[in-house]
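Asker: Spelled out from the first residue to the last, the chains are:
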Amino acid sequence: MSTSAISIQNLSKEFHVPFRREPVRAVQNLSLEVPAGEVYGLLGPNGSGKSTTMKILLGLVSPTAGSSFIFNVNSKQVESRESVGFLPENPYFYKYLTGLETLLFFGKLCGLQGKPLQEKARHMLQTVGLSDAADRRLGGYSKGMLQRIGLAQALIGDPRLLVLDEPTAGVDPAGSHEIRDLILQFKSQGITVLLCSHMLNQVQQICDRIGVMNHGKLVAEGRLDDLISAPNQTELVLENASPSLIEAFGRLATDSGARLLDQRKPHADLERFFLKITQPKPEAPSTPGRTS
Amino acid sequence: MTAAPKHSLFSSRRVLALAHNTLLELIRLKVFYFILLFALLIIGSSIFTIQFSFQNPLQVLKDVGLGAMSIFSWLLGLLCTAGLLPKDQEDRTLYTILAKPVSRFEYLLGKLSGVFLLITLAVLLMSVVFAGVLGIREQQEIAAAMQSSSPQTLALDLEAIRSAAFQANLIPGILLILLKALLCSTLTLLLSTVATSSVFTILTSVVIYLIGHVQGIAREAWLGGSETAAALKVLSAGVSLVFPDLQLFNVVDEIAVGTALPMALFWQVSGLGLFYILVYFLLAQVIFASREL
Chain A
1 MSTSAISIQN
11 LSKEFHVPFR
21 REPVRAVQNL
31 SLEVPAGEVY
41 GLLGPNGSGK
51 STTMKILLGL
61 VSPTAGSSFI
71 FNVNSKQVES
81 RESVGFLPEN
91 PYFYKYLTGL
101 ETLLFFGKLC
111 GLQGKPLQEK
121 ARHMLQTVGL
131 SDAADRRLGG
141 YSKGMLQRIG
151 LAQALIGDPR
161 LLVLDEPTAG
171 VDPAGSHEIR
181 DLILQFKSQG
191 ITVLLCSHML
201 NQVQQICDRI
211 GVMNHGKLVA
221 EGRLDDLISA
231 PNQTELVLEN
241 ASPSLIEAFG
251 RLATDSGARL
261 LDQRKPHADL
271 ERFFLKITQP
281 KPEAPSTPGR
291 TS
Chain B
293 MTAAPKHSLF
303 SSRRVLALAH
313 NTLLELIRLK
323 VFYFILLFAL
333 LIIGSSIFTI
343 QFSFQNPLQV
353 LKDVGLGAMS
363 IFSWLLGLLC
373 TAGLLPKDQE
383 DRTLYTILAK
393 PVSRFEYLLG
403 KLSGVFLLIT
413 LAVLLMSVVF
423 AGVLGIREQQ
433 EIAAAMQSSS
443 PQTLALDLEA
453 IRSAAFQANL
463 IPGILLILLK
473 ALLCSTLTLL
483 LSTVATSSVF
493 TILTSVVIYL
503 IGHVQGIARE
513 AWLGGSETAA
523 ALKVLSAGVS
533 LVFPDLQLFN
543 VVDEIAVGTA
553 LPMALFWQVS
563 GLGLFYILVY
573 FLLAQVIFAS
583 REL
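Protein chains in written order, with this note's numbering: chain A, 1 to 292; chain B, 293 to 585.
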């Protein structure tokens, strides 16, 4: 039997607004399961209830009805957070702390101390590529660096579940690409990831399953392939195909009862193009004895 | 099924980490410039008393020093505590901290402990500055007495100077000043758990500070004779119980003239102060624990 990293059952949350008779229903009868080791994307427009669901999972808000569990521990209990690492949207950490001090602080909150904490903090800085900025105050960090230190603090307690709220918001494509690679690395280490993002392209690249929320309800859920693929269509990409060959394909398709719907030149992914022209190229190996 | 991770309900390490971080935050905000102001005030008062005072200059200096210490420690606690919770919530660092295995009780206790450490450190530094200036002034007075006093009166004059200088009987008074500042900052923390802005918290805390200094009048109305109207009696009882009598902590005047504070009174006032700190902190915890973040 596979363990559920997240189990949400009939969860509802209502907020009472002053001078308004009807409460605002932020989440309505939500149920979902995220098995351990999966990358799950929670999508939805602004105000759809994603953040409230996340806050309930983290014990920051209490549900009006229903319950939520993290690795079988009710998320109302503080001990459920032993298994969780959280990166909030646009994180603002203490600006007066350096990168290393930030990780030491959060590590202490996770019960780490002494040499193991120092080693763990240094290792985390290396993992997110901030070793060189370890002794710089966070006030001088760029947006991308803040997101990466945020990821490092989320990971410092060796969580089994990572909850990431817009981890690439405001980050440039190169930084965004690095964060995506890190998430895939966490997945390969068996860490479950709950990802809330508006970057649909990125969600598509890294999530195993997605859930779409709208007006507080889960309106669609499933494996990405099942949700977005057209089961009765097939894509072929040919190289050096002559117009006559394409014409022959069309005739063959018609003869066999199929229909050639579209033919176009495939475009490179814009992000890949951007990275190709902005990332530094690897240097050519130097020739011995040659001087410039 | 995965076994639930072991978690201790209360960890002094987590509280210490939060307290240390709060202290560091406040120190790096350069709040200790406050102490510089205090030092300038005391040194200025010392010079002023040489030139203009007609009273015993050491007594005037003690009066000014202890009064300033009381005001500065209260203000420091008020300003540092009022912004703690709103700033953490605004910056969302509160979410990041509470998403760790940290209870709200530990968070609140850690934050308050950080402010307590800061106020204690500030009172200690102010006491050192105060004792230093008083000591220098004492030496100046002794040197002046040696020159101007007649041999018959010299011993008496020196005794009068020494008894007006920094003595051990000042320490209980300074401790009560510290306790008053701690009590007021706990009250400010309680207010910040319900308030939506730091400005509201500061203003309300100042108003309560003022009420606390006239609370004795309300208590007299409550405990007074039967001629007091019933409604007024209930109101006075409410004011007397909810707000601490801060006037009890004002022992500066007595100490400045050299009167030793009776230890029984010191322990009574200390006990009352600690009781209010505990009650206000527990109330703050109850409100903060049920707050939607």
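By construction, these hints were calculated from the structure, which means they are not laboratory data.
Keep in mind that a hint or two might mislead.
Computed list of lysine-lysine pairs in DSS-like fashion (alpha-carbon distance at most 27 Å, straight line) [unchecked claim]:
1. B:Lys379 to A:Lys265
2. A:Lys76 to B:Lys322
3. A:Lys143 to B:Lys379
4. B:Lys525 to A:Lys95
5. A:Lys265 to A:Lys143
6. A:Lys115 to A:Lys95
7. A:Lys217 to A:Lys76
Asker: Please go over all the hints and tell whether each is borne out by the structure.
Answerer: Status of the hints after comparison with the structure:
| no. | hint | in the structure |
| --- | --- | --- |
| 1 | B:Lys379 to A:Lys265 | violated (53 Å) |
| 2 | A:Lys76 to B:Lys322 | violated (38 Å) |
| 3 | A:Lys143 to B:Lys379 | holds (20 Å) |
| 4 | B:Lys525 to A:Lys95 | violated (51 Å) |
| 5 | A:Lys265 to A:Lys143 | violated (36 Å) |
| 6 | A:Lys115 to A:Lys95 | holds (25 Å) |
| 7 | A:Lys217 to A:Lys76 | holds (21 Å) |
Consistency with the previously given hints fails for numbers 1, 2, 4, 5, ordered from lowest to highest.
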